[in-house]
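Asks: FYI, the numbering for the sequence shown is 0 to 56, going by numbering that gives the first Met the number 0.
A couple of the hints might just be wrong.
Stated by the list, open to error - Here are the simulated distance ranges between beta carbons:
#1 Ala54 with Gly32: 33 to 39 Å
#2 Gly10 with Leu33: 16 to 22 Å
#3 Ala54 with Ser11: 17 to 23 Å
#4 Val22 with Met0: 30 to 36 Å
#5 Glu12 with Gly32: 33 to 39 Å
#6 Ser11 with Ala44: 24 to 30 Å
#7 Leu53 with Glu2: 23 to 29 Å
#8 Asp8 with Ser42: 28 to 34 Å
Note that these hints are calculated values from the structure, not bench results. Only a predicted model underlies this, so the values are computations on that prediction, with no experimental measurement involved. Ideal placement from N, C-alpha and C gives every residue a C-beta, glycine not left out.
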Amino acid sequence: MVETITENDIGSEVEALHRLATVVMNEHTNDNGLCAVCGCAFSCARAVLAEHNLALL
0 MVETITENDI GSEVEALHRL ATVVMNEHTN DNGLCAVCGC AFSCARAVLA
50 EHNLALL
């Protein structure tokens, strides 16, 4: 089965990606050199990925 993707579908997916990346960036913050959520060295992989996603938008 072939699925047709419309501009509205793409726009809503991009908006969802933007919202998620923004939430991640706001949660995974620097807490004295550690990620406030993960506890690993800042900046954690999730924060880096979110930053890259926001840069694409």
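Asks: Determine for every hint whether it applies to the structure shown.
Replies: Status of the hints after comparison with the structure:
Taken as a hint, the range 33 to 39 Å is violated for the pair Ala54 and Gly32, whose Cβ atoms sit roughly 23 Å apart. For Gly10 and Leu33, the hinted distance range of 16 to 22 Å is not satisfied, since their beta carbons lie about 36 Å from each other. One distance hint, 17 to 23 Å for the beta-carbon pair Ala54 and Ser11, holds here, with the actual separation near 20 Å. Taking 30 to 36 Å as the suggested C-beta distance range, the pair Val22 and Met0 conforms, at roughly 33 Å.
Checked against the hint of 33 to 39 Å, the pair Glu12 and Gly32 passes, with Cβ atoms roughly 34 Å apart. Here the CB-CB span from Ser11 to Ala44 is close to 26 Å, well matched to the stated 24 to 30 Å. The hint said 23 to 29 Å for the Cβ distance between Leu53 and Glu2, and at roughly 28 Å that hint holds. Range check, Asp8 to Ser42: about 32 Å between beta-carbon atoms, so the 28 to 34 Å window is met.
Hint check: violations occur at hints 1 and 2; the rest are consistent with the structure.
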